[in-house]
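Novice: Letter by letter, the chains look like this.
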Amino acid sequence: MQDDYQKTLEEAQTKIGACADATGLKAIEREYTGKDGVVQALLASIPSLPPEERRGVGQGANQLKQAVLEALAGRESELAQVSLAAERKGEGYDPTLPPAAVQRGSLHPVTMVMREVEDLFQSMGYSVLDGPEVELDYYNFEALNFPPDHPAREEYDTFWCDREGKLLLRTHTSPVQIRTLERLKPPIRAIVPGRVFRHEELDASHEHTFHQVEGLVVDEGVTVGHLTGTLKSFLRELFQRDLDVRLRPGYFPFVEPGFEFDIRCPFCEDGCRVCSKTTWVEFCGCGMVHPNVLRAGDVDPEKYTGFAFGFGLDRLVMLRYGIDDIRHFMGGDLRFLEQF
Amino acid sequence: MYVSYRWLSRHVDLTGIAPEQLAEDLTLSTAEVEGLEPFAAHLSDVTVGLVTERKQHEGADKLSVCTVDVGAGEPLQIVCGAPNVDSGQKVAVATVGTVLPGDFKIKKSKIRGVESRGMICSVRELDLGDEHDGIWVLPEGCEVGSPVREALGLDDWVIEIDNKSLTHRPDLWGHRGLAGEIAAIYERELKPFDCSLPNVGGGTSYPLRVDSPDCPRYIGLTIEGAQPLASPDWLRFLLLAVGQRPIDQLVDVSNFVMLDLGQPNHTFDLERLSPEGITVRNARAGEKMTTLDGGEHELIPADLLICSADEPVALAGVMGGEGSKVAEGTQSLLLEVANFAPAVVRRTAMRLGLRTDASARFEKSLDPNLAMSAAGHFARTLVGLQPDVRFPAPPSDVGDWHDPAHTITLSCDRVRSVLGTDLADGEIAKILTRLRFDVEGEGGALRVGIPAARATKDIGIEQDLIEEVGRIHRYANLPERLLRADVKPPPHVPRRVIVRKIQDRLAGAARFHEVLSYSFVDDELLAKVGQAEAPHVQLVNPVIESQSRIRRDVLPSLLARLENNRRHREDVRLFEIGKGYRPENGNERGEPDQVHSLALAWAAPRPGKKARFDENAFSRLYGVVDDLFGYLGVARPCWGADLDAPAWAHPARRLGAFWGTDEAPGAVLAELEPGLARALGLEGELASDVAVCEISIDRLLALEPRGSGYVPIPRYPGVKVDVALLVGADAQAAQLVDAIEKAGKGAVSGVELFDLYRGENLGAGKKSLAYHVLLQSPNKTLSDKDVAKFLGRLERAVTDLGGELRKG
Numbered sequence: 001m002q003d004d005y006q007k008t009l010e011e012a013q014t015k016i017g018a019c020a021d022a023t024g025l026k027a028i029e030r031e032y033t034g035k036d037g038v039v040q041a042l043l044a045s046i047p048s049l050p051p052e053e054r055r056g057v058g059q060g061a062n063q064l065k066q067a068v069l070e071a072l073a074g075r076e077s078e079l080a081q082v083s084l085a086a087e088r089k090g091e092g093y094d095p096t097l098p099p100a101a102v103q104r105g106s107l108h109p110v111t112m113v114m115r116e117v118e119d120l121f122q123s124m125g126y127s128v129l130d131g132p133e134v135e136l137d138y139y140n141f142e143a144l145n146f147p148p149d150h151p152a153r154e155e156y157d158t159f160w161c162d163r164e165g166k167l168l169l170r171t172h173t174s175p176v177q178i179r180t181l182e183r184l185k186p187p188i189r190a191i192v193p194g195r196v197f198r199h200e201e202l203d204a205s206h207e208h209t210f211h212q213v214e215g216l217v218v219d220e221g222v223t224v225g226h227l228t229g230t231l232k233s234f235l236r237e238l239f240q241r242d243l244d245v246r247l248r249p250g251y252f253p254f255v256e257p258g259f260e261f262d263i264r265c266p267f268c269e270d271g272c273r274v275c276s277k278t279t280w281v282e283f284c285g286c287g288m289v290h291p292n293v294l295r296a297g298d299v300d301p302e303k304y305t306g307f308a309f310g311f312g313l314d315r316l317v318m319l320r321y322g323i324d325d326i327r328h329f330m331g332g333d334l335r336f337l338e339q340f
Numbered sequence: 001m002y003v004s005y006r007w008l009s010r011h012v013d014l015t016g017i018a019p020e021q022l023a024e025d026l027t028l029s030t031a032e033v034e035g036l037e038p039f040a041a042h043l044s045d046v047t048v049g050l051v052t053e054r055k056q057h058e059g060a061d062k063l064s065v066c067t068v069d070v071g072a073g074e075p076l077q078i079v080c081g082a083p084n085v086d087s088g089q090k091v092a093v094a095t096v097g098t099v100l101p102g103d104f105k106i107k108k109s110k111i112r113g114v115e116s117r118g119m120i121c122s123v124r125e126l127d128l129g130d131e132h133d134g135i136w137v138l139p140e141g142c143e144v145g146s147p148v149r150e151a152l153g154l155d156d157w158v159i160e161i162d163n164k165s166l167t168h169r170p171d172l173w174g175h176r177g178l179a180g181e182i183a184a185i186y187e188r189e190l191k192p193f194d195c196s197l198p199n200v201g202g203g204t205s206y207p208l209r210v211d212s213p214d215c216p217r218y219i220g221l222t223i224e225g226a227q228p229l230a231s232p233d234w235l236r237f238l239l240l241a242v243g244q245r246p247i248d249q250l251v252d253v254s255n256f257v258m259l260d261l262g263q264p265n266h267t268f269d270l271e272r273l274s275p276e277g278i279t280v281r282n283a284r285a286g287e288k289m290t291t292l293d294g295g296e297h298e299l300i301p302a303d304l305l306i307c308s309a310d311e312p313v314a315l316a317g318v319m320g321g322e323g324s325k326v327a328e329g330t331q332s333l334l335l336e337v338a339n340f341a342p343a344v345v346r347r348t349a350m351r352l353g354l355r356t357d358a359s360a361r362f363e364k365s366l367d368p369n370l371a372m373s374a375a376g377h378f379a380r381t382l383v384g385l386q387p388d389v390r391f392p393a394p395p396s397d398v399g400d401w402h403d404p405a406h407t408i409t410l411s412c413d414r415v416r417s418v419l420g421t422d423l424a425d426g427e428i429a430k431i432l433t434r435l436r437f438d439v440e441g442e443g444g445a446l447r448v449g450i451p452a453a454r455a456t457k458d459i460g461i462e463q464d465l466i467e468e469v470g471r472i473h474r475y476a477n478l479p480e481r482l483l484r485a486d487v488k489p490p491p492h493v494p495r496r497v498i499v500r501k502i503q504d505r506l507a508g509a510a511r512f513h514e515v516l517s518y519s520f521v522d523d524e525l526l527a528k529v530g531q532a533e534a535p536h537v538q539l540v541n542p543v544i545e546s547q548s549r550i551r552r553d554v555l556p557s558l559l560a561r562l563e564n565n566r567r568h569r570e571d572v573r574l575f576e577i578g579k580g581y582r583p584e585n586g587n588e589r590g591e592p593d594q595v596h597s598l599a600l601a602w603a604a605p606r607p608g609k610k611a612r613f614d615e616n617a618f619s620r621l622y623g624v625v626d627d628l629f630g631y632l633g634v635a636r637p638c639w640g641a642d643l644d645a646p647a648w649a650h651p652a653r654r655l656g657a658f659w660g661t662d663e664a665p666g667a668v669l670a671e672l673e674p675g676l677a678r679a680l681g682l683e684g685e686l687a688s689d690v691a692v693c694e695i696s697i698d699r700l701l702a703l704e705p706r707g708s709g710y711v712p713i714p715r716y717p718g719v720k721v722d723v724a725l726l727v728g729a730d731a732q733a734a735q736l737v738d739a740i741e742k743a744g745k746g747a748v749s750g751v752e753l754f755d756l757y758r759g760e761n762l763g764a765g766k767k768s769l770a771y772h773v774l775l776q777s778p779n780k781t782l783s784d785k786d787v788a789k790f791l792g793r794l795e796r797a798v799t800d801l802g803g804e805l806r807k808g
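Keeping their order, the protein sequence lines are chains U and P.
Sequential numbering from 1 applies to the first sequence in this note's numbering.
Sequential numbering from 1 applies to the second sequence in this note's numbering.
Hints may be right or wrong, so weigh each one.
To be verified - Think about it this way: if two alpha-carbon atoms lie no more than 20 Å apart in a straight line, the pair counts; the simulated EDC-like pairs of lysine to aspartate or glutamate are:
hint, chain 1, residue 1, chain 2, residue 2
1, U, Lys277, P, Glu37
2, U, Lys15, U, Asp36
3, P, Lys164, U, Glu155
4, P, Lys501, U, Glu118
Stated by the list, open to error - To give an idea of the chain U side of the interface with chain P (calculated C-beta under 10 Å), a few residues:
hint, residue
5, Leu227
6, Gly229
7, Glu338
Please keep in mind that the hints were generated in silico from the structure rather than gathered at the bench.
This one's a predicted model, so the numbers in the text were calculated from it and none came from an experiment.
Beta carbons are placed, not taken as given, at the ideal position from N, Cα and C, and that holds for glycine.
All chains, please: the whole structure from these sequences, using the hints.
Specialist: The structure is reproduced here in structure tokens:
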């Protein structure tokens, strides 16, 4: 009797061992342990057996069932391993096929760097202000201490919007200094990013339409040291490293003293194309707000001092992305824009 | 402006200060040095040679065959065509391999069969002047074999200073002034400098008269017996170093005085001037004059003239007239040294396009005292060259001028508080004294006397003196600080916030690319978009004549980008945020009205026959804009087709977005007008389905925020009902959605059009719109009965609209 079970079990084990898929295993399971299966048939035979055999047959049937189920489970896990191994082999797929493209739009590179600059200054407590691009001569020049016929006006190759010399395209973001002083009272900390215009012939490094960021701080006790400290911390964050800087005399009628602020060329140690072999790159013009400018904004120069700076954004963008031709910015060509 | 290192050293001892160091220190304390080059570097490669033998060339009358000792190695055989070459001369030899100015490389050659190994140079060949009558014979003392540059002591450096950084410093437009800066920087003494007039005779001065307020001072000095001889080398080399071509002593001395002191001056041929004298007067309207350069100019009364009697002979401060040229053989001259109103000179020079060395200096506001010094300097220099020159009469000196020198009270505390430094009173006073200010006083308040040369323009207020202290002390020595302030968030700028949100939404999921375009729009483009007649702010001096107008809206610039991009890309989605200007709504100050706009354009190939009803640019752009308004959290507009649409919009396929009681739409969405699309080049292979939209950001900013829009998650399941509505071809979808919502009595929580069908089997002039409708109640699970009631109401409503409900 025991031998019969053993034989049945061995038969089952052979079948299980030869079976290579889950469906086959299910069929074998049904054949042995299902309601019409071998084990059930054995159990069904019990009532017709002599009482002394019943116990043995019952035990044998249950043992057989356990053993078959074990063998099935074993084989199942074996097959799972095989299939995993096959999946892991990853046959028939070339992972070096190109990636499926994710389509997206793009922000203009000037927008991206402009945002960085705005966010940095905003984190230092500056407001981000705006002003008109079609501007009055009064704000662009006169209130900034460029009286009519001032020779420095000439540096600003101006686009004029009338023959009377009253309306123009702003040549710098500085007119917003006066507009801000007229509107807000010290303490003032503000930057003004925006579009400015100079009458220039276009080439790879000259545009007649470009972007500047103006800065204005007016408070009691503001010194030249604050100007240097502020610009240095800004540049440290922008370039993510300490850059050597220098302040040297520069002439702008709306600041006194006026400076040129240079940074050590971020691209070389001993002179390159970017710094014209000087190792210094002009970063911005700046200075202490001229008393006449404060007065034009109805701020008392005896009580308050301030600093102002204005830097070009386009060159920063060109440096950041290695762009070699400024004309791309206003060119509106998707082949350029979609790279950002 | 070019400055010579050697010239500077005539005024201040530069011992121990290398040119590089000087350039750096000038940049850090005074003005930007843009360049530093050795003067006549090519002369380092040209050698002093001794002609030991000269023979006639056998094959050519005019050629000599010379043997030249150049120090090292064998003597060279050189064929020379100059008539003045002779044995025993020291000459400048360019040996084989030397490159002369003009990129002229000397090669070994055969001239008429005779070998020549080098060239004996003329002055012109070395770029040192115009003389080319013969070779340049060098002084006896030159050492054979040494470079000409060293042998002649030409080891000068040319320093180029950025003119822009001298705009406010009339005193630095000459070497003497710059030397003063250098003396202050290095704490050295300026060398003594005698500019007093030499002895003059007791004759009658030449008559001068000033009839204009624009000439504060006019000095005339008569000179007798001056000869137009060639200038000595020292003078020639100084002038050459700063880029001035030597001409003759009269011209050279005039230039020398201007470049030395910064004071322009002019010599007239006295024999050609009227005995009545010179009158300085404003021009008469329409008066004409020809300048030395041959230019003919029509004048206006703002121009100032120097006239011989009444005949114009010079445009004051700008250029001499043709009639003022000094004739050959003239012995009598009149030296003019004057002071003219800066604005007058500047305006005339600019208007006539005559920017000269003189006008550049006059427009910076020269010290009127300088005129007499320059006259003295001129006279002394000329006598130094030509001892026989005489000045028969004292100079005439007319004009109503005053000495600009003044005094400023400077608070040392203010110096410290602006510069952020703790410089002591004494140090401040010392720096100012180094700059030759006259400093008096103690106790922190200094009385600072401003010398005339600094007082015309540059130093007028306390802050100007603070700059003087700061730059000489060096800005790099001021301690850096960070601002301290009460910490509070900067004010919220709604426009900036909304602009960022728009950019992010459009560049993100909507896949639009941000563009920046010029503010100028082309006339042709404006005509195409039907805006040629609209008022525009207009430039007087555009870069391109046809691009003189400033845009009113942003959309036209975007339209101009479509054609080129469609050439390279099937799907072109662009947006731009910018400003437009409307002069007709200007304010009393003359500022035009400024509008902020967002423009979008989507161009793609035309949809195919099998395209779904919403697979077209208009539908898709409508979706983008609708999503954008949702994202921005502004109230949803009422979209309507009844509007006064711009000319770029398709007459039938357009919508306006209206908020509240707006009469004009805050946004216009349209398919591009088909004729315009063709005019823009979107035809043939580039024929496109184009939708465009212009949105007023100003309008969006004025809207109330919509609120969060949050609704609780429904507690009862909804019922999805599909309905198809068969209606006339002209029926508008908006009406049908309206009918569905009304029929739902508040239970419609979603309506989605999923099919639009026009087929012959429907009958002519019919279309069928199929919707998924989601019915949902917040209070209960809807029953079949509720759905039936909804369908009943919908059926009646559709029938009222002349349509028919087809249950799905």
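Novice: If a hint holds in the structure, say so; if it doesn't, say that too.
Specialist: For each hint, the structure was consulted:
1. Lys277(U) with Glu37(P): holds (14 Å)
2. Lys15(U) with Asp36(U): With Cα atoms ~18 Å apart, Lys15(U) and Asp36(U) stay inside 20 Å; holds.
3. Lys164(P) with Glu155(U): holds (7 Å)
4. Lys501(P) with Glu118(U): With Cα atoms ~15 Å apart, Lys501(P) and Glu118(U) stay inside 20 Å; holds.
5. Leu227: holds (9 Å)
6. Gly229: holds (4 Å)
7. Glu338: holds (6 Å)
When held up to the earlier numbered hints, the structure conflicts with none and fits them all.
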